[in-house]
Every structure is written in structure tokens, then in C-alpha cells.
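Peer 1: Listed here are the chains, written in short residue letters.
Protein chains: 2
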Amino acid sequence: MNSTTSTQRTASPLLLQALQERFGAQVSTALAVREQHGRDEGSIQAPPPDAVVFAESAKDVADAVRLANEHNTPVIAYGAGSSLEGHLLAVQGGISIDVSRMNKIIAIDADDLTVTVEPGITRKQLNEALKHQGLFFPIDPGADASVGGMTATRASGTNAVRYGTLRENVLALEVVLASGETIHTGTRAKKSAAGYDLTRLFVGSEGTLGIFTQITLKLYPLPEAVSAAICSFPSIEQAVRTVITTIQLGVPIARVELLDGPTVGLVNQYSKLTLREEPMLLMEFHGSPASVKEQAETVQEIAAEYEGQAFEWAHTPEERTRLWTARHNAYFAGVQSRPGCRVITTDTCVPISRLADCLLASVAEAQASGITYFLVGHVGDGNFHFGYLINPDDEDERQRGEALSLALVSRAIEMGGTCTGEHGIGIHKMDYLVQETGDGAVAVMRSIKQALDPKNILNPGKIFAQ
Amino acid sequence: MNSTTSTQRTASPLLLQALQERFGAQVSTALAVREQHGRDEGSIQAPPPDAVVFAESAKDVADAVRLANEHNTPVIAYGAGSSLEGHLLAVQGGISIDVSRMNKIIAIDADDLTVTVEPGITRKQLNEALKHQGLFFPIDPGADASVGGMTATRASGTNAVRYGTLRENVLALEVVLASGETIHTGTRAKKSAAGYDLTRLFVGSEGTLGIFTQITLKLYPLPEAVSAAICSFPSIEQAVRTVITTIQLGVPIARVELLDGPTVGLVNQYSKLTLREEPMLLMEFHGSPASVKEQAETVQEIAAEYEGQAFEWAHTPEERTRLWTARHNAYFAGVQSRPGCRVITTDTCVPISRLADCLLASVAEAQASGITYFLVGHVGDGNFHFGYLINPDDEDERQRGEALSLALVSRAIEMGGTCTGEHGIGIHKMDYLVQETGDGAVAVMRSIKQALDPKNILNPGKIFAQ
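These protein sequence lines map, in sequence, to chains A and B. Counting the first sequence from 1 gives a position; my numbering is that position plus 10. Counting the second sequence from 1 gives a position; my numbering is that position plus 10.
Derived by calculation from the structure, the hints in this document are not laboratory data. Warning: the hint list may mix true and false statements.
Quick list of in silico lysine to any residue cross-link-like pairs, SDA-like style, CA-CA up to 20 Å [as the list claims (entries may be wrong)]:
(1) K303/A / P299/B
(2) K228/B / L259/A
(3) K69/B / L41/A
(4) K228/A / Q258/B
(5) K465/B / S22/B
Throw the hints in and build the complete structure from the sequences for me.
Peer 2: Structure follows, in C-alpha cells:
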């Protein structure tokens, strides 16, 4: 699917000239650079942006947006390029603003467990800088995404079951609006009742309301004790029932991830491992030594009731890294198992009591379809991902993959869940958003967009296709 | 101060007639009823609303709002009347919509730890209904506020240090917009990246963007073990340093409240207690028996370093209730200590590392001023309240009270904090909001308000005085 719309607003020669004058070597119109900024990790393709500005400061961002606004031309913020739903695609033409050079840490306030960063810093860069202070930023979506991109998509990932998502972990923002004006939202205080929660409005707005130039995040002390384990189960259902019981008992588990048997097989191949090719939970416990021990014992008892076996514990950082690398490589293991394929990724999230029903029905459907897939999940949150591996040149296969995705989304919504737990709407899930929330709520989103970006220059064609 | 504005929009006889026809005995124009709905617990006064509609269903709310919109007349939602910043005052005239009869529980989903309620239910009513299922809704602002009002002000209170505020605990909303149209935001899934976070936008919008008709909340299992304690300190500074260290060490304390010595004296008088009239921390620990024991030991060690003494533990529910009643009565104990007074309540919240500096400077200022005050605080969040007790007929005293409040707010903002941790802006803190966030962010709030409520009928004159 090539998703270009009829409202092309290609950057004019006048705008390109103005950008050249303002940014000199920081702007590029080279095809290779533009193409690199015109794709993400998802399955949708579009022509590249007309130019890329490499911003090095908040003023660079503000000036680039102001120029684009004067010329009625789209601007799309670019961090690490790891989004999955077509967020970065220049579907109406325009300018990509690459913020990856803006990767400074402005301030670590260790005593308050907060940090203020520029948007281009990646989560690994941030954690590298924090670890010597005994602190960490827990949100881990797998990819080494930029903090700006994670904030824009309301990302979460493996640690969210305990530490929350970007929604819960952003305290304050500096944002360039469509006019080029800069505003500040939030403070470093832990809570606030000061007017509309603009911080939360911008978190997850996918670049359509503003571009972040500073982000203040919550941090956490590195846990005194960490223990990780894997455990195999005779069936997906038994693995999932273990998770449901764990969550319902209030065990503060830090991570609990599911891989189905065939996906473990793909990981074994990709990462040269010999894990049992059965449904598997990967778990991690954080806390004081006593608390970690207590949590681990509780979960082992629960797992035993569901015939969990072959518990393998990882107590050292090296052992843990090996286990988690397997989980983090699941996506690439899946993709590489079918060379040349593209992935249609699902991202449904349901109330925990419906997780088994939703997952099992969707597995049955995927198996019946004959489409190759992998299956991983942040199951402690009720969130899981099918990756349907399709041949991009086979329209029939794409349609069958999309039909599986739609059936899953419809099931999740019917169960009180959401079409996207963490990847965002982008281009790919716009119809799902309407299905989930109704026309009324989408109309409210549109009217907010129109009020804040009347020329519709900020990442147009996303979320609700304005 | 009488805060009426020049843009009076009194309900017309035509509107009152239309309301009578639609609502019959559910609408009242009796002065006593209007006066009861025209005041809150704060220090500002205004003439009462022109009529009160007692809504019994979502349709009642929608119809009342639609009629008011047709007649360009303000509507103000009313829950329990416990707000503190003039939120309920009919400063431009109009209709009060009392939702207290809408106090049903729509659904308890114990397996998912969620509940959906009507807005008029109070937190005590809710917890009474939940306790037989081993669940509770932890947010406790002291007053027996309605869940709708708590959602509208982004309330928090004593348990927020562990369980978060309404910001973190609302999953989904049904909202009547200014047009009378109803929308749904959010789902029962634990997380979502589906478009703009409208739920968070409405939480804390103080009735200016819509009126809630259903609210879906997170619940928590009643903790397996609970232990409470009080501890006295030679100085406020030592008490606060104990709190700072506790938070910085990541102890998951459920409650940690401060009363200064004179306030303990007021509570003793009011509640017939004999607590040591010294700065005091009230603490509560939730978790497994082992975890509670570990937390309590850690905090006792920390307190000992700061000369904390006279630890008194409460292990039974009755003993705990006695301790916490003392804390909850602090506000009334303060107010009643000076008959006929009104209270100017502060609500600053600062990053935890600045708590001691902010608090001590403000205590010194208050003592120097000669204004009577009480001092309580949700210090684990960096949030505390002075109550300056002023004679409402003494303009000089009011101005001196307001000067203390302004000095405190300025100090908190300078320290990276907020003017309001949990009470909201209402009428009283509108200038502070601009001081805290700047004109740019307030302009964004205004433009959202204008987009969603073009006739400005929803609780006008609040937050930014539109």
C-alpha cells in the first residue's frame, strides 16, 4: 500500500532556499538521506520527505517549524526511525526534522529521581549515563528508540507492568508549537493539579501537536536485587493463566513476557540458543533481596499449578542479558525467518481477565489462515503482538494478513481493550481508532488539532488523516 | 472578595421554563437550594446559581447541558461541594447540575481490578461497596468527595505517594460535551497508545470541558498487611529529612503525612487526643507481612538518625482509624480554632529534594506574619498545605494571608514545583497558573477550551477566566 494522499504539499524551492540560508550544511536534499528519513520499521511505504534538517538546538527546531509554517509545508520529527505504524512517512510531502543530534542530558537530579534530556537521546544512551549514579530509566520498548519518539508514541514495553509507560513517566515538556512558538508544560513536582494536563496531551500525540525539545522524565533507583527466570508450559493457555493469577494477586513483577513455541524456535535459530520450543514466560523481579525472593517463590507456586516446568534462573547480569537478548531479538528473528518479507504488527491490549480468551482465539485464527507469524507479548499488561510475515508483492497475502489484524482488533475492542497498547495509531491503525473510540471522540481530537495547528503542518495524515 | 465578572449570563425565564418542563420536580430555584450549591469549602464567595437540576441519569445531564447551550447559559457540575478553590461558584450566573443522585456502581470487574461508577458516588460509598470483594480505591483527599469531583480536580491526598493521583487511576470516561453530545474516552485496558489522551485531558479540567457521566477507575487488592505509626521529631526539619530519605531510598510507603507541633495541639483539642505537641509524621505501610515489616524497620532506622522518637504503632483497624481520624480532622480542627474565620489554603508541591527548604522558609514567613495558621502535608509527594485563618471581614488580614500564599507559591515555582498539587486552579489560583506555566501554555489551554466549548458555557470564569 502506498499511502499518499491527494493533499500533497511538497516543499517549494523558496522554502528549500530559506532552509539552506538558515541551516547551511545542516540541511540535506540528497536522495539517500531523504529515503533514510522516509521509512520506519512498519509495512507501509511512501515517497521520502523533500528535505531533512538536522536540528542541533531547540532554536533550530523552532526556526525550521516557523519556516515550514510560513510556507504551509508539513514537518515531521525524526528520532531513531524505529516506529512501526508509518508515523514518519511524508505522506503529504514536507520536511523531516532529525533531532538525533540533540541528545544531551540537560540535568540529572538524582535526589529527586528526575532527568531532563533533549529528545534525540536514545534510551540506551540515557541508561549508560545514569548507571554510575545508581539510577535507571526503565521503559524499554525493545528497539533503542529515542526518548522523543517514545514520548510521541506513548511507548512502553517490557518493564511497563511495574513502572508504567511514557504516560506515567513524563513530568514536563518543552514543546515547539506549529507557529514556531515554544511552551513549557508540567514541572518537576511529582503531581500537579495546575490546569489542563498538557503534558499528557502531548505525550502520544505522534508529532501532530508539537515537537519536543526537552523532556523531563522520572527515574528509578537501580533495584537492590534483580532476578530473572524463564519457564516453559505445555500450552499457551497455561502460561497465560499463570500471568493472570500473578497480576491478580498483586505481585509487583517487573517484567513478564510470553513467546509461543514456534517463536522460541525462531529465536533459537537466530540467537544460537537451545531453549525448549514450548510456550515460554520470561520474568524479572526487582526489589530488596527479601522481596525478590518472596515474589519469585509466589510466582513459582502459581506456575506449578499450571504445569510450568524447566524453570531456569538468571542471577548475574550476564545471564540476564542472555535471556533478555533472546526476547529482544524475537522481532528480528521473526522477520529474518522469511527473507524479503514485511511485517504487519498487531498491538492489542485487553483487560487481564480476557487475555487468555483473546490470545487463544487469535492463535487459532492465525494458524487456520496459513499466514506465517510470530507471537510475543507484554502479557502482564494484557498487551501482545502478532507479527504476520507477508510478501509485500503479494496483495492477496497482504489482505489476508490485514484481515487477521482486523479480526484481532475487533475482538480486543469487544472485550473492553484497545487496538494499540504502545505502538500508536500512525497511518496503519486510523480505522481502528474510530472503531475503538467512536466518531465523537475522534472529532474532539480533530478539533484540538485544528485549534493548535490550523494549517495542519505537523505530521499531517496521521491518527485521523487530517 | 466577591468574584463576579462583568459577563453575567443569568438563566432566562425561557430556559427556566424549559428546564421545568423537562425536569419537573428535579429542578429547583429555591434560594436555600441554590445557596447550598453556590459555595464550596474555599474562601471566595459569589451569588448562587439561578437554578439547580438534580440529574438522575446521563441523559438528564446531556439534556440539561443541551438546553443551557441553546440558551447560552453557564452550567456547573456539583458533586459533594468539597472543592477548595471556588470551582463551584456561579460567577457568571447559570445552572448547577447536581449529580449526587447519580451514585450507582455500574460494574465491578474484580478480576481486572477496575470499577465503573457514576460521578456522584463518594469515595466512602465506593469503598464500602468494594470491601467485601477484598478491593479498595485508595485515593483519599480527606473529604468524602464525589468521584466526579475528584476526577475533575485531579485529586490525590494521603495515599497518593504510593498509589498515584486521579491522573494515574482513571482508565476511561463517559463525558457530556458542551453541545450535549456524549463521547467515550479510554478503555479498560491498562495502557493504550490510541490517539490523543483525552482521558487525561478531561481529568483535572474542572468542569470546563465536559461533565462526566461515567468514570472507570483502577482498583487495588486490600493489602495483605497494613501497619501504621506516628513518630515525633524535635523539629520540622528533622521530620522532613526523614521523609526525603525514605522517598529517595525507594521505600514504597503508602502514606506519610506531616503535622507541625501547633497543629497537633489543635487536633488534640478537637479530637480529644493527647498526642505530643511536636512535629509529627503519620505513616502507613502496605504489602505482604514480610514487606511491611521490612519497610517499617527501614523507616524506623531513618527516623532514628533524625532523632525521631515516641514511635507509636497501630496494628488493628481500630487503632489505625483513630490515628488517621486525627489527620483527617486537622483541617476542621484548624478552622474551628478560630470561630467565624475563612481559610486561605495553599497547595504547593515541590521536588522532594527541595521540600525542607521550601517548608522551613514558609514556616518562618508565616510565623513572622502573625497570621494564625495550621500546617499539614502529604510530604511524601512534596505537597503540603498551610491554612491561613483569616477574618473574612478584615481586608488587611486577607491581604496579608494572600501575600503569604503568593510568597510560598513563588518559592515553590522557583524550586521547580507547582502552585497546586491537588486542589486545582478554580478561581483562586488563576494568577498562579500563569506564573507557573507561562502565557504560552495558558494560551494553548484557552484555545482547547474554545475549540470544545465555543459558547463558553461549561463552568466559565475558572482556570483562565474565560
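Peer 1: Output the numbers, in ascending order, of every earlier hint that fails for this structure.
Peer 2: 3
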